Structures are given as C-alpha cells and as structure tokens.
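Undergrad: So the sequences go chain by chain: A and B. For what it's worth, my numbering labels the leading residue of the first sequence as 61, then goes sequentially. For what it's worth, my numbering labels the leading residue of the second sequence as 21, then goes sequentially.
Hints listed in this document are in silico derivations from the structure and should not be mistaken for laboratory results. A quick note: this is a predicted structure, and the numbers were derived from the prediction, not measured. There could be a bad hint or two in this list.
To be clear about the criterion: a stretch of chain A counts as covered by chain B if any three or more of its residues have a C-beta under 8 Å from a C-beta of chain B, and this derived list gives those stretches [what the hints assert, rightly or not]:
id	region
1	222 to 232
2	336 to 347
3	354 to 360
4	366 to 378
5	386 to 392
For glycine and all other residues, C-beta sits at the position ideal for the given N, C-alpha and C.
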Amino acid sequence: MMRARHLTMLAAAAALALAVALAGCARSTQSSTSVEVAVLTAPDMLKQLESGDIDGFVAWEPFPATAVSGGYGTVLELSGEIWPDHPCCVLAVAPSVESTAVQAALADAHIRATTWINDPANRAKLLDYAAEFTGKPQEVVEAALKDIRYDDAPNVQGLKDYYAQLKQYQLLKKTPQELGFDTEEAFFDAFIDEAPTELAKKPVLYASQLPATTKVRITYIAGDIHHLAYFVAKKEGLYDKVGLAPGKNLIEVAPFPNGAAIMEAFKNGQIDAAYLGGAPATLKRINDDTKITVIAGVNDLGSALVVGAKSGIAAPEQLAGRTVAVPGPGTVQDVLLRRLLADLGLNYQLKQ
Amino acid sequence: MRRWVGDAALRLAGLAVFVGAWHALAVTWIPELPTPALAAAEFWALSIRGEPILGRTLWEHALASVGRVLIGAGAAAVVAIPLGLARGRSGVFDELSMAGTEMLRPIPPIAWIPLASILFIALTGTVAPVKVFIVFIGAFFPMLLNTLHGARAVDPLHVEVARTYRATRWQIMRTVVVPSALPYVITGVRVGLGVAWMSIMAAEMIGGSASGLGYFVLAMYTIGGDTPAIVAGMAAIGLIGLGMNELLVLAGRRVVRWD
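Hey, can you work out the whole structure from these sequences and the hints?
TA: If you want it as structure tokens, here you go:
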C-alpha cells in the first residue's frame, strides 16, 4: 500500500518534470522567420560567440574588433549601415553642477580632447592611449577606432529618433507630461543643453570664473573606447587648462560596468558628471526621472553586428533561426538589432 | 475546532497587519513603493496580458524558472540521496567522501557561476547547462546532509533484528534504513528545493536567456520606472516558493504515515 503511494508520487513528479522539459523544448523550436535574442554582458558575448552558444552579437567597440582579432568573429554590418548617424555616448551632468562656468569648463576640456583625437598628427599617441585605456592590443584598438565618429556636438536628432523607437517598443514608462514638461520638444530642450558647448567654443577661459567650492566627481564606463576623450583630457593636461585639476577639484570615481549603473550613481548622488551611453541616459532620465542634463556629444556610431566565423552566416537574411546577443532591452545595440530585423522582415524573439 | 478557528482568525489578523503596514509605508513615507492594491493589480495584469517588453506573462517566466529548478534539483536528489544513505551506513565511505563534500559545501551556489561557465564550455562546448548546474549545487548539500543524518539515526535495534533474520545488507537498506530515514530525506528535499529556488533567481540575473522570474525582476529594474512589476515578480517568486514548500510538507505527511 505504502509502496504504491510512493510510486504514484514519484511518477507524478517525473511526469511534471517531463512536461516542463517538453514545454521548454517546444518553445525553443524556432520558426524560420525569427531570430532568437539573448541578453548578455559584452565579455560574455565574446566567450559565447567563441563557444558557439550564440551565432552573433551586437556590441560596441572594442568588442567587435576583439572578436575579429581573435579569429572567431567577423563583422556582418557596421552600426552606421543599419542606422546611419545613430547616436551613441554623451557627456552628462547632475543638477549638482549648477554653475554655468563649471559646465562650460567640462565641455571645453571635452571639446579640446575630441579635437585632439581627430587630429591625424596625434595618431601614434592616440593608439597608445587607446590601448592603455581599454587594455586591448594596438591592432584591436586601431580596428575599433575606424568605426567610431568622435563628435562633441550633441546628436539631438539621433536621440530624438532613439526616443521615438523606445516609445514604439513600449520601453518608456512615463510621458514628458508626467515628468513636468508640456511637450516632447520641451523635454528635449531641458534634457540636452547645447549652451555649454557653445560657451566653451568662445575664446574665453572659464577657469577664473569657477566657484571656489567647485568639486566635480566624474566617471565613465570601464574600458569603453568611446569614452577615450576623458582619458585623453586627463593625460594631455586638458582639464588643468580649463581650471579643473584632477585629484583636486576634479575627482575621478572608479569606472562603472555600464550606463545603467552610472544612471543609478547619478540618482544616488554619488557622481556629478559622467561619460555614458545616450541610450541609458535617455531611458533612465524618463523612466526613473533621474534628473541629468546632456551637455555634449561624445561619439556617434561605433557598434557592429558580429557573427561567428564558423556560423556560416554571410548575409543578414541568414540570421533567421539563429541566436544573436544584445546587452539588454532598450540599449542602442538592441535598437540596432530590432531595426535590422524589421527591415529584413524577421521577428525579434527573446530567448527562452 | 474552536482552536482551529482561533488560529485562522489570528493568521488573518496577521495578514491584515502586514498589508496595512505596507500600505501605510507606501502612502506616508516611501512614494516609490507601490501600494498592495497597485501591486496586486499589476500582478493580475502581468498574469493575464503579459509584459510588452519581454513579451511574456508572469507565468511563462515562472514556468521557465520552475523547469530549471525541477531538472537541477531532480538531478541533485538522484546523486545526493544515495550518497547520503551510503555515507550514513558506511563509516569508511563516510570518512573517504568527507573531505570532498565538506570542502565544497560552504561555497555558495552563485560563487560557482564563473568557473561553471568555463568548465561547461570546455567539456560540452556550451554554457547552456550552467543555470541548472547552479540549482544542482544549491539543492545538493541540504539533500545530502539530511539524508545522512536520517541514515545515521536509524535505531540500531531494528538493524540488529534484521541481521538476526539474516537479512542481507541490501535488504536492510531497503526495508529498514530507507523507510526510517524517509522523513529526513523529505525534509532534505524540501530544504534543497528552497535553496534551489533562491539559486535560480541569482543564476537568471546573470543573464543568457531572457526568461525566468529572476531575469524578469532584474530587467524591470534595468529598464526602470516600473516598480509595481518588480513587486509583482517578487510576489510570484514568493508564492511559488511557498507552494513548493507546502506541497512537500503535504507529500511528507502522506508518505510517512507512521511518523
């Protein structure tokens, strides 16, 4: 009697486990018109592309260049081919940076660094800096730099396009009205302030106008070659030129792994200024009402769709039925993949 | 009967105090915290209509998590229970296997994630089994230790009697040790499943696939602006954890009638 009850229970448990397993299998069966999307950190994308767990990924440099130089990945599309002139990183400040002079000084150092990066005369030194900043070999950073457009002007139109897509994908949880703006236009006017870059371009030094109490805690994303301007400004003494002395009134906060973490730090009041992706800056500015202001552009473009060297994928249409990784829903890379798949008529399906 | 009614009333009162305190906290002090009513409405909406960004209902996420837990914890039971019985009945085997298990036991399941990723890529060429493996590690040790204690706690007199009737080692194991250790084994499975449920939440937050309640809660946080969805996800995690525990308590009562 007792044994029979035992067996019944065991059988029931086994049947349940089997049903769940089967349900899992049934779900993972792919239709030939969809692409399975995995969510991974960039270092994991590299490992899983090499192992064959994923067939491709969309990531920012230097990760595509790293996969190519490792021999296990090839670039299928540069991000600019999917979305021309798409926005990428920005320089943003917290409400704690009230002083116009401080904002202008930050923009000034940033513009000088961007100009320095774009000057062909500095090429050799730039490669050294890029290798040091990212910890990647010279040939990797050289390949990575080709895909990035360093531009200090805020990409206002690009960020507005991005916003429209966030809305389309239902990623926005709040409306401009809920944030206290009458229109989307009014929101963008407050969110992206072009005054600091305009002031910085005037032949005036703001060093003497900085309040004596100035203390700017600044940060960036670890090893992100898009944020090279920060490193260049520091190394080339450009911050000192505008009256911001690293270690004195410009305090470097240890870099963060991604833009979402930087937005969290902004919200908690841990930082005053940061280099970060325009995507998390916009998404969290709206969804979490984290009150930051973009005071300069950092770069446009600079991401790529990479496929496994052994995946046999030679054209975007062949992504059907395959697995592609992105860093997270709502990232620029995620929007790039969604755009590409929509153009191809393929479904975007998150991995089970 | 009156006792039962009294207990039920006390529990209901306790629930009312909890929900009331939560509501008061949300209304008066922490506006970021959704009220119980708002969380319940979100829970309902996510259960029926699903969540638009990840494109799944709460229960589809729950099914993914439960599936991983059943497979990982099932595998853990298949290894841990026989190992525990063997260790409990053989002093030599116990001493031999002590070093290995005792050294691995204090390592929390999530601390295994990096090494597990490397090992699974090396051995199988894929990281797909890592989440289930983390569940396995979480469930394994509570199952092993409880079974071990159960096997040790068998009344020596019962074993002696069986020996007197010339029962073989295998017969003693089957007819004396296993039935007597069964309550402990079931406790082990229950505790193991609880740890497994915690482990899968952590493993899903590390990423990979975009399913499971752990991933859901983290994704809602990363995207931001939807605290009710986070609380609804946590409620689902809690309810399923509670359900699994109660099921095993019930199973324990049914199986172990003589206890």
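Undergrad: Would you mind marking each hint as holding or not holding in the structure?
TA: Results for each hint:
{"no.": "1", "hint": "222 to 232", "verdict": "holds (count 4)"}
{"no.": "2", "hint": "336 to 347", "verdict": "holds (count 4)"}
{"no.": "3", "hint": "354 to 360", "verdict": "violated (count 0)"}
{"no.": "4", "hint": "366 to 378", "verdict": "violated (count 0)"}
{"no.": "5", "hint": "386 to 392", "verdict": "holds (count 3)"}
Violated hints for the displayed structure, listed by number in ascending order: 3 and 4.
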